[in-house]
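There are 2 protein chains.
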Amino acid sequence: MYQAEYLKHFIEEVFLAIGCSAEEAALASTVLISADLRGVDSHGIARLAGYVRLYDNGRLNPTPDVKVVYETPSTAVVDGDRGLGLVVAPKAMEIAMEKAEKVGSGWVSVRNSNHFGIAGYHAMLALQKDMIGWTMTNAAPLVTPTFSLDKLLGTNPLAVAVPAFEEPAFVADFASTAVAYGKFEILQRKGLPAPLGWAQDSEGNPTTDSNAVKSGGGLLPLGSDREHGSHKGYGLGAIVDIFSGVLSGANFGPWVPPFATAGFMSANEGVGLGTGHFLGAMRVDGFRPADEFKHDMDKWIRAFRGARAVEGKSVIIPGDPEREMEAIRSVEGISLLPPVVESLSELAKRFNIAFENRID
Amino acid sequence: MYQAEYLKHFIEEVFLAIGCSAEEAALASTVLISADLRGVDSHGIARLAGYVRLYDNGRLNPTPDVKVVYETPSTAVVDGDRGLGLVVAPKAMEIAMEKAEKVGSGWVSVRNSNHFGIAGYHAMLALQKDMIGWTMTNAAPLVTPTFSLDKLLGTNPLAVAVPAFEEPAFVADFASTAVAYGKFEILQRKGLPAPLGWAQDSEGNPTTDSNAVKSGGGLLPLGSDREHGSHKGYGLGAIVDIFSGVLSGANFGPWVPPFATAGFMSANEGVGLGTGHFLGAMRVDGFRPADEFKHDMDKWIRAFRGARAVEGKSVIIPGDPEREMEAIRSVEGISLLPPVVESLSELAKRFNIAFENRID
Chain B
1 MYQAEYLKHF
11 IEEVFLAIGC
21 SAEEAALAST
31 VLISADLRGV
41 DSHGIARLAG
51 YVRLYDNGRL
61 NPTPDVKVVY
71 ETPSTAVVDG
81 DRGLGLVVAP
91 KAMEIAMEKA
101 EKVGSGWVSV
111 RNSNHFGIAG
121 YHAMLALQKD
131 MIGWTMTNAA
141 PLVTPTFSLD
151 KLLGTNPLAV
161 AVPAFEEPAF
171 VADFASTAVA
181 YGKFEILQRK
191 GLPAPLGWAQ
201 DSEGNPTTDS
211 NAVKSGGGLL
221 PLGSDREHGS
231 HKGYGLGAIV
241 DIFSGVLSGA
251 NFGPWVPPFA
261 TAGFMSANEG
271 VGLGTGHFLG
281 AMRVDGFRPA
291 DEFKHDMDKW
301 IRAFRGARAV
311 EGKSVIIPGD
321 PEREMEAIRS
331 VEGISLLPPV
341 VESLSELAKR
351 FNIAFENRID
Chain P
1 MYQAEYLKHF
11 IEEVFLAIGC
21 SAEEAALAST
31 VLISADLRGV
41 DSHGIARLAG
51 YVRLYDNGRL
61 NPTPDVKVVY
71 ETPSTAVVDG
81 DRGLGLVVAP
91 KAMEIAMEKA
101 EKVGSGWVSV
111 RNSNHFGIAG
121 YHAMLALQKD
131 MIGWTMTNAA
141 PLVTPTFSLD
151 KLLGTNPLAV
161 AVPAFEEPAF
171 VADFASTAVA
181 YGKFEILQRK
191 GLPAPLGWAQ
201 DSEGNPTTDS
211 NAVKSGGGLL
221 PLGSDREHGS
231 HKGYGLGAIV
241 DIFSGVLSGA
251 NFGPWVPPFA
261 TAGFMSANEG
271 VGLGTGHFLG
281 AMRVDGFRPA
291 DEFKHDMDKW
301 IRAFRGARAV
311 EGKSVIIPGD
321 PEREMEAIRS
331 VEGISLLPPV
341 VESLSELAKR
351 FNIAFENRID
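Chains as they are written, first to last, in UniProt numbering: chain B, 1 to 360; chain P, 1 to 360.
It is worth saying that the hints were derived from the structure and are not from the lab.
Incorrect hints may appear among the rest.
Any copy will do: because identical chains look the same in the list, a pair fits if it lies in one copy or spans two.
In silico lysine-lysine, BS3-like type, Cα no more than 27 Å apart, as pairs [unchecked claim]:
hint, residue 1, residue 2
1, LYS313, LYS151
2, LYS129, LYS102
3, LYS349, LYS313
4, LYS129, LYS214
5, LYS91, LYS102
6, LYS299, LYS349
7, LYS313, LYS214
8, LYS151, LYS299
9, LYS129, LYS299
10, LYS67, LYS102
11, LYS349, LYS190
12, LYS91, LYS313
13, LYS313, LYS102
14, LYS183, LYS151
15, LYS129, LYS91
16, LYS8, LYS183
Source: prediction; values computed, not measured.
Start from the sequences, fold in the hints, and give me the full structure.
See the structure below:
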């Protein structure tokens with residue numbers, strides 16, 4: 001078990017070692033460790049070695065000049081200059097919030113970025129200013145739209161954070177697929193099959209093969225099949241891709257580069273620059289007095305949380321499980337899987353940073 | 001078979017008969033018939049008698065004073081004054097587009113409205129100005145969120161319309177449920193069961209009973225069950241509800257009034273005013289030169305349409321089926337089911353309007 005502060009400090013040292021500024025290494029490590037704290041282990045420190053691989057492959061600029069390249073009072077395109085998405089996304093969110101401060105809302109589409117960690121982190125930045133936050137990002141193609149045999153979309157998540165008064169904020173943060181790809185990796189390690197409705201095989205048939213996506217198959221959109229609305233999950237993933245990729249001039253659809261792989265799909269090989277994100281901020285008091293709105297959000301949250309539920313379950317408010325996990329892990333610490341500890345030990349050795357190899 | 005113009009004229013006469021102005025009767029009939037033209041029969045002329053029932057029940061103001069009650073340069077709340085949603089929503093969209101014209105984007109949350117027809121119509125208004133259009137609306141509770149036994153959300157649709165250059169626009173328009181409620185009504189008429197994953201029974205169990213929603217059960221969110229991501233469909237429906245209802249001061253969650261029923265849930269019984277919508281417009285050239293963006297949209301659309309597909313199928317671009325249906329029905333006419341013809345005949349008799357009772 002590791003304390004979050006210990007791991008955050010380690011991440012910071014690694015980002016400093018590849019040339020990030022002190023300020024950006026601190027920001028990137030805060031974003032990355034927040035995933036581990038919130039229980040989204042697949043998007044936290046487990047990916048640190050991947051970000052370094054991105055650097056090794058020449059796809060990551062550790063000292064990016066993140067700037068607005070096009071704008072109106074409420075909209076902008078930000079060029080991430082091949083920086084860490086972990087840094088580019090919060091900077092773009094700051095720009096969205098400055099615009100919202102002035103004209104009620106701000107919407108920033110980002111090009112030339114990389115993987116930005118968990119979507120929810122960036123959306124939640126808006127909460128401290130009584131704003132609603134939006135985050136989207138596109139990602140490398142793993143998903144076969146309804147009837148497609150080709151993988152054309154990433155898991156393309158959407159996050160929306162909404163402030164309340166006494167209740168904790170509503171924070172929805174979800175991929176536009178039936179499940180996250182990480183669920184397959186867990187099953188692969190255990191040699192277990194996947195439920196039907198998660199993936200299709202190379203011929204478009206339903207499959208329980210947890211290796212299907214690696215063998216020419218694809219992840220299924222939310223809805224799983226046409227009869228259960230997979231065209232809606234496909235539509236949602238498409239919207240996320242268009243707002244993140246097409247609106248910014250980043251890559252989109254089948255051209256979005258993979259997380260950290262070498263060689264494949266340089267900026268010149270694609271249809272735009274790097275990975276794309278979309279961030280938005282709306283002042284609650286651009287619509288109603290903020291306290292009125294937040295009291296009604298309390299009422300909304302309580303009506304849902306208080307609903308009758310199936311035996312042994314309760315109706316969950318989006319964001320509750322992650323917040324509860326953060327409360328626990330902030331105190332009890334974060335446990336890491338052996339391969340993750342190993343990857344961190346290798347980084348420690350390479351960059352000559354202290355790291356205590358500890359598995360409980 | 002009826003020509004669209006004939007039916008549109010009939011709708012217009014009915015709205016005039018209940019006291020709408022000439023301008024608003026024309027607008028409302030255009031919106032309503034567009035649903036029939038686009039093949040969304042459940043939201044078209046079949047509902048005309050329902051709108052009249054809404055009027056009979058004192059819930060509809062035929063001469064509303066639709067106005068902005070709160071605003072910033074890019075945001076507003078519009079009060080629909082209990083008007084037809086068919087009229088209130090396009091007026092709110094005009095306000096969103098005026099704001100987008102000035103500051104890049106415009107976002108309008110609407111309270112005190114009623115059912116607004118098909119979401120896609122309002123989003124598509126933005127296309128003519130090279131803008132991206134957004135529409136959401138909440139609706140009466142039919143949906144049981146993940147693990148809930150209570151119906152807390154409506155089918156809460158989302159529509160996003162995006163212009164392209166040579167290709168027809170991308171128009172995603174979908175409910176946040178596994179299926180529309182209309183699919184159950186079709187099965188009920190035929191006495192057929194429903195596929196598992198569409199509804200749950202009164203104890204929260206999966207069911208094939210096509211009458212489940214009437215017998216204490218509920219429609220399932222997109223994703224159907226927890227294992228296939230129903231919490232994401234629930235999250236999406238919740239976002240639509242919060243943006244439409246809480247942000248505007250309309251009713252939300254379990255308090256949203258039914259389409260046209262008498263007595264139930266007057267404004268005083270709820271937590272806000274009427275039904276809520278959310279409309280947005282974003283200038284494409286608030287992000288990139290419009291032609292660049294639209295050429296990239298062509299590239300996006302062609303990549304998806306041209307993908308390999310399962311045998312006998314193709315990858316469908318959101319909006320294509322509705323556009324193709326409109327092309328056919330604009331020429332060949334619209335066929336109506338006997339109960340719909342009967343409801344129109346009754347309206348014709350009541351208001352002394354000519355209507356040719358014709359079933360082929």
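These are the hints, each one checked on the structure:
no.: 1; hint: LYS313 / LYS151; in the structure: between (36 Å within a copy, 16 Å between copies)
no.: 2; hint: LYS129 / LYS102; in the structure: both (13 Å within a copy, 25 Å between copies)
no.: 3; hint: LYS349 / LYS313; in the structure: neither (46 Å within a copy, 53 Å between copies)
no.: 4; hint: LYS129 / LYS214; in the structure: neither (43 Å within a copy, 43 Å between copies)
no.: 5; hint: LYS91 / LYS102; in the structure: both (17 Å within a copy, 25 Å between copies)
no.: 6; hint: LYS299 / LYS349; in the structure: neither (53 Å within a copy, 46 Å between copies)
no.: 7; hint: LYS313 / LYS214; in the structure: between (35 Å within a copy, 23 Å between copies)
no.: 8; hint: LYS151 / LYS299; in the structure: between (42 Å within a copy, 16 Å between copies)
no.: 9; hint: LYS129 / LYS299; in the structure: within (21 Å within a copy, 38 Å between copies)
no.: 10; hint: LYS67 / LYS102; in the structure: both (19 Å within a copy, 23 Å between copies)
no.: 11; hint: LYS349 / LYS190; in the structure: neither (30 Å within a copy, 70 Å between copies)
no.: 12; hint: LYS91 / LYS313; in the structure: neither (39 Å within a copy, 43 Å between copies)
no.: 13; hint: LYS313 / LYS102; in the structure: neither (44 Å within a copy, 49 Å between copies)
no.: 14; hint: LYS183 / LYS151; in the structure: within (18 Å within a copy, 30 Å between copies)
no.: 15; hint: LYS129 / LYS91; in the structure: within (15 Å within a copy, 30 Å between copies)
no.: 16; hint: LYS8 / LYS183; in the structure: within (25 Å within a copy, 51 Å between copies)
In summary, the numbered hints that this structure violates are 3, 4, 6, 11, 12 and 13.
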